[in-house]
Amino acid sequence: MKRYSVFAVAREALRDHMGWERAWASPEPKKRYDVIIIGAGGHGLATAYYLGKNFGITNVAVLEKGWLGGGNTGRNTTIIRSNYLQDPSAAIYEKSRSLYETLSQDINYNIMYSPRGVIMLAQTEHEVRGYKRTAQANALQGVTTEFITPQRVKEIVPIINLDGPRYPVLGGLWQARAGTARHDAVAWGYARACSAMGMDIIQKCEVTGIRRDGDKVTGVTTNRGDIDCDKLGIVVAGHSGHLADMAGFRLPIESVALQALVSEPIKPCMDCIVMANTVHGYMSQSDKGEMVIGGGTDGYNNYTQRGSFHHIEETVRALVETFPMVARLKMLRQWGGIVDVTGDRSPILSKTPVEGIFINAGWGTGGFKAIPGSGWGFAELMAKGHSPLCDEFGLDRFYQGRFIDESVAAGVAH
Amino acid sequence: MLILTCPCCGVTAEETEFHQGGEAHLKRFGPGSSDDDFHTYLFAKENPKGVHFERWRHNNGCGKWFHAARDTMTLEVYGSYPAQTLEPPQDIRDAITAKRPGWRWREFA
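Which chain is which? The protein sequence lines are G and A, in order. The numbers in our numbering rise by one with no breaks, and the one at position 154 of the first sequence is 154. The numbers in our numbering rise by one with no breaks, and the one at position 52 of the second sequence is 52.
One or more of the hints may lead you astray.
To be verified - Some chain G residues near chain A, calculated using beta-carbon distances under 10 Å: (1) Asn-54; (2) Thr-58; (3) Ala-176; (4) Arg-177; (5) Asp-213; (6) Ser-240; (7) Ile-266; (8) Asp-298; (9) Tyr-300; (10) Asn-301; (11) Asn-302; (12) Tyr-303; (13) Arg-306; (14) His-310; (15) Asp-340; (16) Phe-398.
If you're looking for bench data, these hints aren't it; they were derived computationally from the structure. For every residue, glycine included, the Cβ atom is placed at its ideal position computed from N, Cα and C.
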């Protein structure tokens, strides 16, 4: 792998940019790997990367039925934050956020991490109390957040309307080191780093069956032939239930469409992320100038990557009240992704009833922010059998009634 | 956007008038059951890619619960039937078979 640097740019500028090599190889699948990861999205690629970097396991294949990063990794609103209420959540999300800070240097790929800060608006008395509690919890967890006044909100976000008739802004939870990153670059950067370590990233390779010998996994069946493995990681977000069905167990997960939309690009007007969970809308401005708007999830299971139309109206209605200037914007495009939602809105990073199969799922509506931390912890879980970051997120927590309940604290929007 | 017909009041309306209430035809386990049964009843989801049977409530209408058969990939609604039914009626199974031969959902086919 040739390193990217300012010298590389200068060198290529002198020879018409003919010397750039492909960022990752596209090999034919081998007969056998030590580890197979199903799903070449952010979480799958990050898992493979940290398997190689932290544990020296490089005989790894990452299988992807579509194209790399074409699922939820390329469909989210790129928000990175770690202001969660529960300790296990704060630990893994803060690990993730801190890895994002230096990720561009670590993988030699500019992911354009922009620590611009996030405000979660408190628009009811309940939210004020809830966010003050979260700020206290964060202080104990070592996550820097503070509860700020409406006047401070207005200073940070001049375009906001504080005194809406129905839900005035009563304050906000402010995390200054939260931010955004270029979502495609996260997948591409990890893929390039994995490929450089000798791992095989195999696109257009759909897993159609999981082979097992008794209670132990032996490999997968794909549309490009059978591939054997010792360990299998299922990291497929919305299709987790589908893959679990192939492996012969069921999950506490329901898949629904979550949608987002962006406006036409305009001049810079908002240099942070604002989330309004009560009215259910959140917004940031991309580097291109588009207002990136997160919408709601559908109220029923589906796999359509589209989203119900009426949610667009609800989201935009909420935003128009909070940001009156949005009323004058044209919307450019809208899209959906299939998210895997658990009952307690916390992820599942776990061993499964089948020996050798591990599952990383249930990130629901907020997986992008967790990519590096999830990969870090899940790689440790797959390599060593347990991980301090993942142990609380096992499948057994449902059996034991030991939930990590983020549904009230954060589950509405991510 | 889904169009559903409420079998209780006969009204046909789009999805904002209704509310989905999870999987249909659950076998319930309460006090005295094994931990495995109780866990499966509470948490293990079918979450199928394809044919699905669900409970719906006519929230902004008659307020009654009913069952619906739906496809989670195409969003086609195969039909709705009363909540008091223990298994999907034959005409709805036939309608599904016409579109998706060989379908299976738990013990139903």
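Quick rundown of the hints versus the structure:
The criterion of a C-beta within 10 Å of any C-beta in chain A is not met by Asn-54 of chain G, whose closest approach is roughly 32 Å, and the hint is violated. The criterion of a C-beta within 10 Å of any C-beta in chain A is not met by Thr-58 of chain G, whose closest approach is roughly 33 Å, and the hint is violated. For Ala-176 of chain G, the suggested interface contact is broken, since its CB lies about 38 Å from the closest CB of chain A, more than 10 Å. The beta carbon of Arg-177 of chain G comes no nearer than 35 Å to any beta carbon in chain A, farther than 10 Å, and the hint placing it at the interface is violated.
Using the Cβ-Cβ criterion of 10 Å, the hint placing Asp-213 of chain G at the interface with chain A is not satisfied: the shortest such distance is roughly 24 Å. For Ser-240 of chain G, the suggested interface contact is upheld, since its CB lies about 8 Å from the closest CB of chain A, less than 10 Å. For Ile-266 of chain G, the suggested interface contact is broken, since its CB lies about 30 Å from the closest CB of chain A, more than 10 Å. Of the supplied interface hints, the one on Asp-298 of chain G holds, with its beta-carbon coming within about 9 Å of a beta-carbon of chain A, less than 10 Å.
A hinted interface residue such as Tyr-300 of chain G counts as satisfied when its beta carbon comes closer than 10 Å to some beta carbon of chain A; here the least separation is about 4 Å, so the hint holds. A hinted interface residue such as Asn-301 of chain G counts as satisfied when its beta carbon comes closer than 10 Å to some beta carbon of chain A; here the least separation is about 5 Å, so the hint holds. A hinted interface residue such as Asn-302 of chain G counts as satisfied when its beta carbon comes closer than 10 Å to some beta carbon of chain A; here the least separation is about 5 Å, so the hint holds. With a least beta-carbon distance of about 5 Å to chain A, the hint placing Tyr-303 of chain G at the interface is held under the 10 Å criterion.
The criterion of a C-beta within 10 Å of any C-beta in chain A is met by Arg-306 of chain G, whose closest approach is roughly 8 Å, and the hint holds. A distance limit of 10 Å between C-beta atoms decides the matter here; for His-310 of chain G the minimum to chain A is near 5 Å, and the interface restraint holds. Hint on Asp-340 of chain G holds. Least Cβ distance to chain A is approximately 8 Å, under the 10 Å limit. Taking 10 Å as the C-beta contact cut-off toward chain A, the hint placing Phe-398 of chain G at the interface holds, the least distance being around 5 Å.
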